[in-house]
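**Q** Residue numbers for the sequence shown follow our numbering, so the first one is 1 and each next one is one higher.
These are calculated hints, taken from the structure and not from any lab test.
Backbone N, C-alpha and C fix where the C-beta goes; we use that ideal spot for every residue, glycine too.
Incorrect hints may appear among the rest.
[Stated by the list, open to error] Restraint ranges, calculated between C-beta atoms of paired labels, are given here:
#	residue 1	residue 2	range
1	Gly205	Glu248	23 to 33 Å
2	Pro227	Leu136	48 to 58 Å
3	Ala51	Glu137	35 to 45 Å
4	Pro69	Glu160	44 to 54 Å
5	Thr103	Arg144	17 to 27 Å
6	Glu178	Asn250	20 to 30 Å
7	Ala122	Asn87	43 to 53 Å
8	Asp210	Gln107	24 to 34 Å
9	Ile163	Arg225	22 to 32 Å
10	Ala122	Val199	47 to 57 Å
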Amino acid sequence: MHSKRGQRGVVLIVVLWVVALLTILLAAFVATVRVERQSVADVSLGIQARAAVDGVVNYLAALTAVNAPELEEMPGHRYELMLNELNVSFRLVPESVFVPINTLDVQQLETVFAGMGLEQPAERAAQVVEWRNEELEEDTGELRPAIRIRSLMHLAHLLELDIEQIRPYERWLSFWGEHQGVAPGYVPDEVLDALGLQVTGEDSGQLQWDPAGVYRVQVEVDGGRRPRQIEAIASFSDAEPGVLQINEYNAVFSLNDLSE
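Let's have the full structure, built from the sequences with the hints guiding it.
**A** Set out below in structure tokens:
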């Protein structure tokens, strides 16, 4: 009798163990399916957002081609388009309102690097300015081409920096603008103070449209709970839509406020 009860107890334990194992496997399967569905949705939204950027850039290029008067009012303001039944919001911001890493003089660049908390800011600033010109390499006798820094990652690589140290300033920096100084109306005063810079010119309350300028096109695609944001650097000169650079993964902005 005791032997039969013991066997029943063992069987019950085995059954409960199998049920528990199946429950765990089912939960893992459901979680995997959810993750895969979310991954597919994210990939799909990313493709749609990239297509939306192309659509917005082409739209702005078309307006530029006909010299549309609406362009005078567009910089800095939020607009919405329906592209392939997709709700797309965008904003056009001139690069002239950002801090131009490639045109600051050595003193300004030193101040900016010091504001970022970099070690040896004077030496690093001098190095960046030196890279802007062609130079004959003493070791090889070859002519080194001028270097234009094109991204935060490029800057961090050249100066051997921890990119996370300077990432908080990425959204305020320009690597494509050829302007001198920082136009008012975008970079917050506290950021300018931290970097030791001042705006050039008076704030008219309206960002200026320049058909020959370079622009940051900020695009947001409705993605349900979380919209997808992409930034593109584009030129519309000569009525030719030209995307110079795209940030698909870590763009940070708010279309509701210029300083966000």
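**Q** Would you mind marking each hint as holding or not holding in the structure?
**A** Tested hints:
The hint said 23 to 33 Å for the Cβ distance between glycine 205 and glutamate 248, and at roughly 32 Å that hint holds. Checked against the hint of 48 to 58 Å, the pair proline 227 and leucine 136 passes, with Cβ atoms roughly 50 Å apart. Remark: the range hint 35 to 45 Å for alanine 51 to glutamate 137 is upheld by a beta-carbon distance near 44 Å. A hinted range of 44 to 54 Å for the beta carbons of proline 69 and glutamate 160 is consistent with their spacing of about 49 Å.
In this structure, threonine 103 and arginine 144 meet the distance hint of 17 to 27 Å, their C-beta atoms being roughly 20 Å apart. Range check, glutamate 178 to asparagine 250: Cβ separation about 25 Å, and the 20 to 30 Å hint holds. Evaluation of the 43 to 53 Å hint for alanine 122 and asparagine 87 yields a pass: the beta carbon distance comes to about 49 Å. The hint said 24 to 34 Å for the Cβ distance between aspartate 210 and glutamine 107, and at roughly 27 Å that hint holds.
Here the CB-CB span from isoleucine 163 to arginine 225 is close to 29 Å, well matched to the stated 22 to 32 Å. Judged by the Cβ atoms, the range 47 to 57 Å given for alanine 122 and valine 199 is violated: they are separated by roughly 24 Å.
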